[in-house]
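The listed protein sequences correspond, in order, to chains E and L. What the first sequence shows, in our numbering, is residues 29 to 252, in sequence order. What the second sequence shows, in our numbering, is residues 29 to 252, in sequence order.
These are computed hints drawn from the structure, not numbers from a lab. A few of these clues could be false.
A pair holds if it fits inside one copy or across any two, identical chains being indistinguishable in the list.
Stated by the list, open to error - Simulated pairs of lysine to aspartate or glutamate, EDC-like, Cα-Cα distance not exceeding 16 Å: (1) Lys139 - Asp61; (2) Lys118 - Glu231; (3) Lys232 - Glu70; (4) Lys232 - Asp123; (5) Lys103 - Glu247; (6) Lys232 - Glu69; (7) Lys103 - Asp222; (8) Lys139 - Glu237; (9) Lys139 - Asp199; (10) Lys133 - Asp61; (11) Lys133 - Asp100; (12) Lys118 - Glu155; (13) Lys133 - Glu115; (14) Lys103 - Glu248; (15) Lys139 - Asp149; (16) Lys51 - Asp199; (17) Lys139 - Glu101; (18) Lys103 - Asp199; (19) Lys133 - Asp243; (20) Lys139 - Glu45; (21) Lys232 - Glu124; (22) Lys51 - Glu78; (23) Lys139 - Glu247; (24) Lys139 - Glu124; (25) Lys118 - Glu101.
The structure presented is a predicted model; accordingly, all values stated were derived computationally and were not measured.
The lines below spell out each chain.
There are 2 protein chains.
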Amino acid sequence: MSEASGPVPAVRFTPEERDAVYKAIFNRRDVRDQFLPQPIEEAVLLRLLEAAHHAPSVGFMQPWNFIIIRSDETKAAVHAAFTRANEEAKALFPDERQALYASLKLEGIRKAPINLCITCDRTRGGEVVLGRTHNRQMDLYSTVCAVQNLWLAARAEGIGVGWVSIYSDADMRRILAIPDHVEIIAYLCIGHVDELYSGPELEKRGWRERLPLGDLIFEESWQG
Amino acid sequence: MSEASGPVPAVRFTPEERDAVYKAIFNRRDVRDQFLPQPIEEAVLLRLLEAAHHAPSVGFMQPWNFIIIRSDETKAAVHAAFTRANEEAKALFPDERQALYASLKLEGIRKAPINLCITCDRTRGGEVVLGRTHNRQMDLYSTVCAVQNLWLAARAEGIGVGWVSIYSDADMRRILAIPDHVEIIAYLCIGHVDELYSGPELEKRGWRERLPLGDLIFEESWQG
């Protein structure tokens, strides 16, 4: 290793910069219904994708791809897949929750100007990947880190992101022509927003409460 | 739904705040050897855990727990598990890569003042979880979002994070007494840093190059 390629002084953050990072983290929302119709500028979309591309990845595998969906036809097909799955989903909840479940908007597929499918190519970098030898799911997790990078960058850009998870994998593969060696990680709806819930929508709508952080912290080992 | 619980004007970011979020994203590193011995203040550690706790989670499930490891004994046991697995891992690479592989430091378990295991309790919130009905892995992905939140907040705090993935799941479960219904998502090494690589260490050390972003973007469907 040459001297030139070694560590260098770490980039420092001012208190204001640090606070901005927390501001993005605490004000990020899973957006379903607040998307505005205005298009996303290509330069902004590229910044979001650069943010995703700078996620950590196991063995520097960078296993992600980004499928940008703009056409009404594709969105309609995805929305139909969502609707089928969501009918099945609703029936799984106890009777007393079905009315509330049905009242929740759980996707913004047609309302958001951009939909984005983020995938993980399990074969990228060959069979043996540094860091994935003993925990094979690490490449999936790397791709999720890319989703979260994009989500936080979007918040700072005034853009909302909603993660749709109610669809059958087979339907989404068919619609987007995704090959077998590629895993679908996230289907995101993306668009400008000027209003958001002040906390998680499922909390605000009475579906479930935030857990106290202290209850989730253990010392040295699991304490159950 | 009462008026009071509806959307409110979205928090806005100044250009400087937006740039700070990108600064964290682009300067985040997977740290292995740059940890300083100084302890992490409890208030700072709590801020990092609050950041993790504000990740998105499917059905607002908040499936994560945080096991804070401080003792030399636990770290030594985890390090032994890493060493066993890493010997096995090294043997899997072609001869011409083994010398480089062996030269890479792939963990900072004993050097980092804090180790943190982040887990996913698959049973939290009951059997049927909103948004997880059709894609059961969504709770695992929520927990990865918590990891990435913590990682970016840490960067802004001047704290480095390294994700160790080379261990057998059975070893880690035994050492940390993790029950069967809980999945181990990440084992992190955490400590202050004043030097970092200027890019991903595996890139700087010649293991693998960054892929051009343009090659990873598709329009409307998979283009293989």
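Okay, the hints, checked on the actual structure:
1. Taking identical chains as interchangeable, the C-alpha atoms of Lys139 and Asp61 lie at most 16 Å apart only when both belong to the same chain, with a minimum of 7 Å there against 47 Å between chains.
2. When the C-alpha separation of Lys118 and Glu231 is checked against a cutoff of 16 Å, the pair qualifies neither within a copy, at 19 Å, nor between copies, at 47 Å.
3. Taking CA atoms no more than 16 Å apart as the test, Lys232 paired with Glu70 passes in neither setting, with 33 Å inside one copy and 30 Å between copies.
4. For the identical chains of this complex, Lys232 and Asp123 are neighbours neither inside a copy (21 Å) nor across copies (57 Å), given an alpha-carbon limit of 16 Å.
5. For the identical chains of this complex, Lys103 and Glu247 are inter-copy neighbours only, at 13 Å across copies versus 46 Å inside a copy, given an alpha-carbon limit of 16 Å.
6. Proximity of Lys232 to Glu69 under the C-alpha cut-off of 16 Å is found in neither arrangement, the shortest distances being 31 Å within a copy and 33 Å between copies.
7. Within a single copy, Lys103 and Asp222 get their C-alpha atoms no closer than 23 Å, and across copies no closer than 47 Å, so neither meets the 16 Å cut-off.
8. In the homo-oligomer, the alpha carbons of Lys139 and Glu237 never lie at most 16 Å apart, since the shortest distance is 28 Å inside one protomer and 38 Å across protomers.
9. In this homomeric assembly, Lys139 and Asp199 never come within 16 Å of each other (Cα to Cα): the closest approach is 20 Å inside a single copy and 47 Å across copies.
10. Proximity of Lys133 and Asp61 under a CA criterion of 16 Å is satisfied intra-copy only: 7 Å inside one chain copy versus 46 Å between copies.
11. In the homo-oligomer, the alpha carbons of Lys133 and Asp100 never lie at most 16 Å apart, since the shortest distance is 19 Å inside one protomer and 49 Å across protomers.
12. With identical chains, the CA atoms of Lys118 and Glu155 are at most 16 Å apart between copies only, with a shortest distance of 14 Å across copies and 40 Å within one.
13. Taking the shortest alpha-carbon separations for Lys133 and Glu115, only the intra-copy value of 13 Å comes in at or below 16 Å, while the best inter-copy value is 50 Å.
14. In this assembly of identical chains, the alpha carbons of Lys103 and Glu248 lie at most 16 Å apart only when taken from different copies (10 Å versus 47 Å within one copy).
15. For a Cα distance limit of 16 Å, the shortest separation of Lys139 from Asp149 qualifies neither inside one copy, at 29 Å, nor across copies, at 33 Å.
16. With identical chains, the CA atoms of Lys51 and Asp199 are never at most 16 Å apart, being 37 Å at best within one copy and 38 Å at best between copies.
17. Only within a single protomer do Lys139 and Glu101 lie at most 16 Å apart by alpha-carbon distance; the minimum there is 13 Å, versus 54 Å between protomers.
18. For the homomeric pair Lys103 and Asp199, the shortest alpha-carbon distance inside one copy (13 Å) is at most 16 Å, but the shortest distance between copies (45 Å) is not.
19. With identical chains, the CA atoms of Lys133 and Asp243 are never at most 16 Å apart, being 30 Å at best within one copy and 34 Å at best between copies.
20. Taking the shortest Cα distances, Lys139 and Glu45 never come within 16 Å of each other, neither inside one copy (33 Å) nor across copies (28 Å).
21. In this assembly of identical chains, Lys232 and Glu124 lie within 16 Å of each other by CA distance neither inside one copy nor across copies; the values are 18 Å within and 57 Å between.
22. Within a single copy, Lys51 and Glu78 get their C-alpha atoms only as close as 20 Å, which misses the 16 Å cut-off; across copies the closest is 12 Å, which meets it.
23. In this homomeric assembly, Lys139 and Glu247 never come within 16 Å of each other (Cα to Cα): the closest approach is 45 Å inside a single copy and 19 Å across copies.
24. With identical chains, the CA atoms of Lys139 and Glu124 are never at most 16 Å apart, being 29 Å at best within one copy and 52 Å at best between copies.
25. Taking the shortest alpha-carbon separations for Lys118 and Glu101, neither the intra-copy value of 26 Å nor the inter-copy value of 48 Å comes in at or below 16 Å.
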